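2 protein chains.
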Amino acid sequence: MTTDQFRTLGHELIDFIADYRDNIADYPVLSQVEPGEIAGQLNATPPEHGEDLSGLVEDLRSMIAPGLTHWQSPNFFAYFSANASLPSVLGELVSAGFGVQGMLWATSPAATEVETVMMDWLVDLCGLPGGFHSSSNGGGVMLDSASSAVLTSMVAARYRAVGHRSAPELRAYTSNQAHSSVLKGMRVAGFADEQLRSIDVDAEFAMRSDLLAEAMTQDVADGYVPFFVVGTVGTTSSTAIDPIAEIATIATEHGAWIHVDAAFAGSAAVAPELRPRVNSGLEAVDSYSFNPHKWLLTNFDAAAYWVADQHSLTSAMAIVPEYLKNAATESGQVIDYRDWMVPLGRRFRALKLWMVIRWYGAEGLRAFVRDHVAIAQELSGWVDEHSSFERLSPTPFSLVCFAHVEGDDRTQEIVEAINAAGTHYVTHTVLNGRYTLRVAIGSVTTDRTHVEALWRDIVALG
Amino acid sequence: MTTDQFRTLGHELIDFIADYRDNIADYPVLSQVEPGEIAGQLNATPPEHGEDLSGLVEDLRSMIAPGLTHWQSPNFFAYFSANASLPSVLGELVSAGFGVQGMLWATSPAATEVETVMMDWLVDLCGLPGGFHSSSNGGGVMLDSASSAVLTSMVAARYRAVGHRSAPELRAYTSNQAHSSVLKGMRVAGFADEQLRSIDVDAEFAMRSDLLAEAMTQDVADGYVPFFVVGTVGTTSSTAIDPIAEIATIATEHGAWIHVDAAFAGSAAVAPELRPRVNSGLEAVDSYSFNPHKWLLTNFDAAAYWVADQHSLTSAMAIVPEYLKNAATESGQVIDYRDWMVPLGRRFRALKLWMVIRWYGAEGLRAFVRDHVAIAQELSGWVDEHSSFERLSPTPFSLVCFAHVEGDDRTQEIVEAINAAGTHYVTHTVLNGRYTLRVAIGSVTTDRTHVEALWRDIVALG
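Protein chains in written order, with our numbering: chain A, 22 to 483; chain B, 22 to 483.
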């Protein structure tokens, strides 16, 4: 492809994306295709001859778009949002255009240094502990997902506890509301399921620190070694907030590594008034992560991950084969982010974050998060006032969890009817054994009118 | 950002990327900045107010580009290439513009189905065993890196051997030329370093299968359990080719999982005449991966990974929390790729591969790889004919490894002089204890003239 051909097709695709975003509400939010329907439209075998892609935009419109569930729709209330704001889309474009590898400082110094500065900007924007800033012993890195952050922390925690080895005596702890990535991480990292203790929660779905203390003490008495605790700020089911400060005190007594997973809710800390919910206790933890790709306007993947002690991470992860040795690394003056994560290769992810923060500014990011939190409080009020519905958990951020008073079947009918109609998309969870409708507010263009329309439809069905 | 603002800035950035690619040879290939030089140009703290990004292109040109090592330069001969062809850049753009999540079929059916079809297309394009096609018990998935493919295979192999648990009795095997990701994967997966046996190689740096057989037999006699073997097609140092068929026979006798890592060289299989070097023995292995993001014109990240038995992978990786349950998953008619990998979230990676294969066609991909292999054979001939240089390994693909006959210091001087001059970028390795200059041919726009110019400079220095 010549650069002239690239210009022509590139401009066409920029316009296609703009049109797609302009008209996104015309599609059913949850794709209505049947299994095999999209695959059946593609050739079963690859083309022998190349083509000029002049039909590409039409293919994207007619063949691909109907098979998408439209995460960027303002009517997307499922799971948690996956913000791909337009400045971040352009950041991804530039990053792909440069096509550099950031595995070592030397393989593209700007990729490493912009990333370090962006992670410091996030410390500042979110009011995080100074011990995560690159000027301290700690520092941050961009990973692909909060799942990888949990796994990475787990590996570093084990290394700190016993070095690299099978360690059946180790025990990890998290609440029964924690994300499935904790159990998955344990399995990947080579632990048996019974090495992860599931701690019960209080009425608001937050980990009971008294039960954590009991479990750890009992395990020590039984000859086990507590090495890792995952606290959650904003659980997936209901955005519950574990008592991080209490957890940290208990875990520290046992020398365990404390990781805090704030995948969705972490972005809320850009608003100072929300920081007490997000940041309390973080100064005492070993690692922390949240996903700007969920609620901070940056397209997937962009998971922010910090450690309080760089060395605890790099000593566990670094392997330097001959073909990666270079003068900059040996000088000790640079960061090689390959030693901060599981994969070796890495994209220039920080570019999109740089563009997002410059476009919105701190005030724009605060306004964005505040709007969603305010709308969620309103929706919570409407639910509370309505005799057919009952809220099943607090609303500390922008997720509202509720059910029909007539029970699970009725609630499930509503979820399914909403999604079949296609105007909005919501998903469910189970809280205290009850089938629960989740309304997760967080998409880039979602405002009060979209939530009002969803609520009208729910009420009509209920 | 309004869609009109997006159109304006988007067109500007498309043109910027075209200009960057047009003028890429004007930059020193290896960035010449000092540590801290890029970071020092960015504000230490984030902006309070947003801006219109009208200065962005100038910032990219004057502030970021000098801090890049230009992987897309035709004069990039370091490591292995990281192809970001222009069609793939546009694929990444569209993928970011859609902003969908492909973690479940239901979260965007097209993301899953296009991926399945593209992995089947690659089976066809590369002449891979039918047992990797989605119509069989096997199938493929796109991961971020070959490192993740190794780790994923290791976890599935352990699960097949002993379930999820600490397993100090298990032993894995790979050659002493294998990529560092094997040892890193072992550490992440919770093995001690001595659980990975490093097998010696022959004069061409290929694993000695007789020594593998000996090691496995001895380990069994000592009470250990062989569970995992990694064979490499195209090692990182010298693109050596392990004898996969022999390895598979030996490993199968012990019930061990066989993974083949062809990260760089796998792309060569698009040319039928090169398939004997790449594909021999693959019909007997459990998993296989190569990186279209290295040598198949698809920008990072795009690692192709196949297993011969889907169930062996998904049974090890699947965890289905309530909030991810859905009717499509329960129907058993769809693939949920989250169960094929470590992270949960996933981009619509297959879109760029679709665009690349459509643009180039099978014939274009074959021509691309063949050109590089042919140029590398020529360069090998020039090295062999020159009295000051000595080739240190065979050239089965497009990497040429050689040294100055006067020894390591002389070779290292040449590498450093080439990189300081900035016209080309090469890296080194160590083969049989000798400092070795690596010329890795594989960038999108590299042709014979670039390699000739590099060789002239090397000869002038040597």
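Keep in mind that the hints are not guaranteed to be accurate.
Identical copies carry no separate label here, and so any pair may be met within one copy or between two of them.
No farther apart than 25 Å at their CA atoms in a straight line, the calculated lysine to any residue pairs in the SDA-like style are these [claimed, not checked]:
| id | residue 1 | residue 2 |
| --- | --- | --- |
| 1 | LYS346 | ALA234 |
| 2 | LYS346 | THR270 |
| 3 | LYS346 | ASN158 |
| 4 | LYS346 | ASN64 |
| 5 | LYS346 | GLU69 |
| 6 | LYS346 | HIS185 |
| 7 | LYS346 | GLN239 |
| 8 | LYS346 | ALA86 |
| 9 | LYS346 | SER301 |
| 10 | LYS346 | GLN26 |
Calculated directly from the structure, the hints in this document are not laboratory data. Since this is a predicted model, take the numbers as computed values, not measurements.
| field | Ascending list of hint numbers which this structure does not respect | value | Of the numbered hints given earlier, those the structure breaks are 1, 2, 4, 5, 7, 9, 10, listed in rising order.
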